[in-house]
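K.L.:
Chains as they are written, first to last, in the numbering used here: chain A, 1 to 246; chain B, 247 to 901; chain C, 902 to 1288.
Treat the hints as calculated values from the structure; they're not laboratory data.
Beta carbons are placed, not taken as given, at the ideal position from N, Cα and C, and that holds for glycine.
Some clues are possibly wrong.
Said to hold, decoys possible - With a Cα cut of at most 25 Å, we get these calculated BS3-like pairs of lysine-lysine:
hint, chain 1, residue 1, chain 2, residue 2
1, A, Lys89, A, Lys55
2, A, Lys53, A, Lys66
3, B, Lys366, B, Lys321
4, B, Lys859, B, Lys819
5, A, Lys89, A, Lys107
6, B, Lys889, A, Lys55
7, B, Lys889, B, Lys767
8, B, Lys290, B, Lys366
9, A, Lys53, B, Lys889
10, C, Lys1144, A, Lys107
11, A, Lys107, A, Lys53
12, C, Lys1144, A, Lys120
Stated by the list, open to error - Label pairs and their computed distance ranges (CB to CB):
hint, chain 1, residue 1, chain 2, residue 2, range
13, C, Ala1112, B, Gly556, 48 to 54 Å
14, C, Ala996, A, Gly72, 55 to 61 Å
15, A, Gly67, B, Gln885, 31 to 37 Å
16, A, Lys107, C, Trp915, 35 to 41 Å
17, C, Ala996, B, Gly605, 52 to 58 Å
18, A, Asn213, C, Ala1273, 54 to 60 Å
19, C, Gly1240, B, Lys767, 53 to 59 Å
20, A, Pro237, B, Phe764, 47 to 53 Å
21, B, Asn868, A, Asn22, 51 to 57 Å
22, B, Glu555, C, Ala1005, 20 to 26 Å
23, A, His204, B, Gly789, 25 to 31 Å
24, C, Ala1005, B, Ala565, 29 to 35 Å
Stated by the list, open to error - One-sided and incomplete, this derived list gives chain C residues near chain A with beta-carbon spacing under 8 Å:
hint, residue
25, Val1140
26, Val1148
27, Arg1150
28, His1165
29, Val1166
30, Ser1168
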Amino acid sequence: MSTLLEMSGVSVSFDGFRAINNLSFQIGEPELRAIIGPNGAGKTTFMDIITGKTKPDEGRILYGDKGISLLGLSESRIAREGIGRKFQKPTVFEAQSVRENLAMALKNPRGPFDVLLYRKTRAGAARIEEIAARIGLSEALTRPAGELSHGQKQWLEIGMLLAQEPRLLLVDEPAAGMTPAEREKTTEMLVDLGRDHAVIVVEHDMEFVRRLNCKVTVLNEGSVLAEGSIDHVTGDPQVIEVYLGR
Amino acid sequence: MLRVFLAALLCAWLPAALQAQETAPGPAPDLQAILQQHQAEIAKPSRRTVGPAIEALAGSGLPGVPAFLEDWQNKEIYVREADGLFFRIDGSGDTVALLDLTTGETVAEDVPTDGLDQIKPNGGVRRVISEALVQFQLSDPDIDRRRDALDAIARNLDPDQLGPLRGSIAGEPDPALRLRKERLANYLVARFGDSTEARVAAIEALATDSSVDGRAVLSQILDTSVEVAQEVPDDVNLARVLEPGTDLPREEAYALMREAADLPPVLDPSGIRGLLETHVEGGKVGGLPIARLATRSGRLLAYDGLAAEGLVPERATPATVDAALASWTIYEAYDEEDSAVTDAARAANDSVQTRVAAGQAADLALDAVSLASIYFLAAIGLAITFGVMGVINMAHGEFIMMGAYTGYVVQLFIENYTVSLVVALPLAFAITFAAGVAMERLVIRWLYDRPLETLLATFGVSIALQQLAKNIFGTQARPLTSPGWLDGAWVINDVIQISYIRIAIFVLALLFLGLLLFILKRTRLGLEVRAVTQNPRMAASMGINPDRIKMMTFGLGSGIAGIAGVAIGLYAKVTSEMGSDYIVQSFMTVVVGGVGNVWGTLAGATLIGFLQKGIEFFNPSNTLAAQTYMILFIILFIQFRPKGIVALKGRAAGD
Amino acid sequence: MTRGFLAQNPSILWFIGLLGLFTLGVTVLSEAYGTAVLSTSFVKTLGKTLCLCLVAIAMDVVWGYCGILSLGHFAFFGIGGYAIGMWLMYARTEAIVTENLAAAVIPPTEAEVSDAIASQIFGVVGASEFPAIWAFAHSLPLQLAMVVLVPGLLALVFGWLAFRSRVTGVYLSILTQAMTLALSLYLFQNDSGLRGNNGLSGLQNIPGFEATPQSQISIAFFWASALALALGYVLFAWVVSGKMGSVIRAIRDDEARVRFLGYHVESYKLFVFTLTAVVSGIAGALYYPQAGIINPAEIAPIASIYLAVWVAIGGRGRLYGAVLGTVFVTLLSSWFTGGGAPDIDLGIYTIQWTDWWLVLLGLSFVAVTLFAPQGLGGLVDKLVRKS
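Could you build the full structure based on these sequences and the hints that come with them?
P.N.:
Given below as structure tokens:
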């Protein structure tokens, strides 16, 4: 397992409020990692920083085999480097069909002229079918994404994530709004992905995290409070303090 | 009151002074007697000969002299042909009464006009008379006449006026007028003083005088004329040598040299063409066939052919011009010969120019501040609605227009402009407030999640309102007259002045800044507005009714637009299109300043106001260009500060 | 692939079919080649309307599909008009000047000809020399290139600056409006080099075709406009279908999400903005020879807003909607303002439509935005779905 992403000494503040405070973090490839923390711990800002949406005030972020810095890169460039993100609230393009959503996410050249002159290929169609089957939306390919149920949208977004073929997956509360059966399936898929990708799962639900059975990082007030197995961190008095106390 | 007192004082003093003169030794000559000494010059005055007569009159110190001079000038003096005596007359028709010049008593009644000659001095003589009169007027008891006399002197500086002017300074009771007399005397010394030292001293005193008159004196001393010579003579007071091509165009320099020396003319293409046309012979000109004359070089060749035959004058070739420019010098020489004087004047002029530049900068800054106040008033309502609701109200300009028309309509009913203004301001606020609330309820409320469509829908309202105003009030501009006490300008000196209306608008803008800050920071409504601006959902969950807040905010923003309309209408024309004149600038102000912040709008308005005036300063003839460049600047500015000068950060910014 | 593309978009065939029939119909009814039912000026009005439809579908692509409410596309339209107008005016004046100078004793030099043309064209603004921007005016091919290049470059530079700094939404609209205003203010100046508020005139006289009657010229331009509209329609239909369409609609709906999918959103916006600007320029170049005159007032921001109004009334996000809206509003507008609509006598007040048409338009526009955001196109869609 080699290190895929390394953040060190990253801080960011909004109008004097330090959302991320001297945060250091690393994840290898392949690895499945869960991030937990109370509200306002900086989980979302953490993901915003990695994906380039928020520029940190200080610190460095190195990514990939050559250790390129993500700091100066645009969101789209970071995405093309192989970092995929699934949002907490499912964000799919509701006016477009499931197939169009997946086709857009499919790993292909992203330049405007590449896209303009893009022709459908058999391999591409097959890949869409395969992903659709995996996320259980084979029957729904031609339906507008807006007609899907909440759970199905979550799946579609996971499907779009898969279609990008990223190396690092950032998954924000994947199981929210899912039925127990769907959660089960999601857990399996994440564990499965964690075997050959780097996957960061941000989750509130301890039970869900426990089932992922992976290393856990606890964030609090913008920095790492504890790191280790779920049993290790839940036994940490500081973590208990943060979650239950005061 | 003061004037009456001074006049009384003067009346008490003047006779005493005159009496003092009368008691001087020697026989006191009678006015008529002096006139008789110069009978011919006065009865038939000419500019050349009248001098001694006037000198004698002025020098006599007799009390009746000024009145006589005036009447003489106004052709009211008559001469009796029989004995050559001078009289005023009373009555008209065939017979008149003769009045004594000194006492005003009737000397003879029913004198036939046949025996009388009216004296009609010509324009030149009248001018000489009025110059002589000046010295009397300078000590006249009536302050207005003294002031007029000073104006007359200032209009046309003359060395002869120095004596009378100086003489009147000591007796001048009015301090301001006295100061002015001293300054005028100083101008006269500076221009016409006897000694170099006196003039230099006077000129040095001018270094702190930035008035138009003072600057005119310096520039007259520094008058130059352009001369051409092979070498600059030693005896001229040289200002500078002009370099052809840099200080003046080469063509002009050559033309000047042609005046001084016998040089061939530079012919322009049309001149050559004209001469060639007159020498066409058998399809050839100067030996060349006409077809070859379609190029410039062909024509020159043909012309030179003609010139060699002596048919046309020689022309200056570039080489001729170069040679002439090399061998002649063009220079500017001061008309004033004394170089010490011109040096002092130049130094004084530099210092004055610095002062004037500083004054102009201050004037420009005042202009910019007043423009910024207008933009602030026009934009602040927009900024509030944009900031609180994320809504661009394209009809904002039409609310400004509604305010202005409200002012106009109120004036139709209330004659007193002050009262009508006092009524119009709150009324305009009320009307546009109501219009804003109505628009919010009817249109904008349904489009909160579709900002671009709000923009278009409010644009629809804007088209309709504009046309409605056109239908009601017609297309021509309507007057919105400001009260009398707002007319005129506050004149600080000859360079800096600002009209009272602009000051009033500035004060109005300050008032609104204060009022808005108060509402936003110190009232419940303001607290709620800020809460809704920063986080509408959270605000709603805390029991604030965002609907009501948005309605009130929109009303407030529109109401301020109405007030801005009245203010703008006072100095600009009120038309149905006035809103669209301000809307883009208002948007710019909001965008540049940053959304949702009163200080941001203030900063934006200040920046845009100063920028526009600054650009106009560099290119004063062209306000269109100034606006073009300003918009380009703003487009670039947005590149570096996309969220404006005062930007909200973090989650409140909504990204 | 083309076959597949057309098969997937049957509306294109419908549109081109209808446009072809319409063109034939107008030709048959025209003065020059038919029964003379339609006057030459009406043929010109129809031709101009086709050009407006072309700029409207460009607007629809940039706004309806890509979500950029540009208030500057009519400026690009105007620039196209100016670019072609410069050649038309130059070439025509050159012909006149050459004719005048031919009678001279001595043949004119090139400089004399050029000076005479310049003083002929710019005398009205007190200038007599060609500004630098007229450097290519003598050449039709170069000036045709300007029709495409100038709007394209302006859109490219402006778009690059604006999109790069992530100016979006109403901010972007205001910024495009500012650009339009700056351009029109600039052109209003006498020393802009384009004759200030006089604009360029006499554009209906096509150099080289002085002998051809206007009735024939009008039909030629009508055909050219119809052809350009058809080509533009196919081009844009192609762009907005398939994966490109998918991406740009996604940008409209949630551009941040598209970024996280790895698309460089700014490039796409820039592509769409520039392409539509170029098409707008071409539309303008066809419009103004039919209008005969172009002046800076044509470019004023209000014109671009009207363009948005047409597209909104026609129904955004469908190309035929833009065409429908443009035809509907412009023809209705000329009917109302041309005195075609009967006045309504209310007893105390008579509504004269020449005065009240804009009030009606403004209010109905508000109504459409509120109650029928899909516009006329939405109605058509409903009808098609029912049948």
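K.L.:
All the hints need checking, so say for each whether the structure fits it.
P.N.:
Here is what the structure says about each hint:
| no. | hint | in the structure |
| --- | --- | --- |
| 1 | Lys89(A) with Lys55(A) | holds, 22 Å |
| 2 | Lys53(A) with Lys66(A) | holds, 22 Å |
| 3 | Lys366(B) with Lys321(B) | holds, 5 Å |
| 4 | Lys859(B) with Lys819(B) | holds, 20 Å |
| 5 | Lys89(A) with Lys107(A) | holds, 23 Å |
| 6 | Lys889(B) with Lys55(A) | holds, 16 Å |
| 7 | Lys889(B) with Lys767(B) | holds, 23 Å |
| 8 | Lys290(B) with Lys366(B) | holds, 8 Å |
| 9 | Lys53(A) with Lys889(B) | holds, 16 Å |
| 10 | Lys1144(C) with Lys107(A) | holds, 13 Å |
| 11 | Lys107(A) with Lys53(A) | holds, 21 Å |
| 12 | Lys1144(C) with Lys120(A) | holds, 9 Å |
| 13 | Ala1112(C) with Gly556(B): 48 to 54 Å | holds, 50 Å |
| 14 | Ala996(C) with Gly72(A): 55 to 61 Å | holds, 58 Å |
| 15 | Gly67(A) with Gln885(B): 31 to 37 Å | holds, 32 Å |
| 16 | Lys107(A) with Trp915(C): 35 to 41 Å | holds, 37 Å |
| 17 | Ala996(C) with Gly605(B): 52 to 58 Å | holds, 57 Å |
| 18 | Asn213(A) with Ala1273(C): 54 to 60 Å | holds, 55 Å |
| 19 | Gly1240(C) with Lys767(B): 53 to 59 Å | holds, 57 Å |
| 20 | Pro237(A) with Phe764(B): 47 to 53 Å | holds, 51 Å |
| 21 | Asn868(B) with Asn22(A): 51 to 57 Å | holds, 56 Å |
| 22 | Glu555(B) with Ala1005(C): 20 to 26 Å | holds, 23 Å |
| 23 | His204(A) with Gly789(B): 25 to 31 Å | holds, 28 Å |
| 24 | Ala1005(C) with Ala565(B): 29 to 35 Å | holds, 30 Å |
| 25 | Val1140 | holds, 7 Å |
| 26 | Val1148 | holds, 6 Å |
| 27 | Arg1150 | holds, 6 Å |
| 28 | His1165 | holds, 4 Å |
| 29 | Val1166 | holds, 7 Å |
| 30 | Ser1168 | holds, 5 Å |
Hint check: no violations occur; every hint is consistent with the structure.
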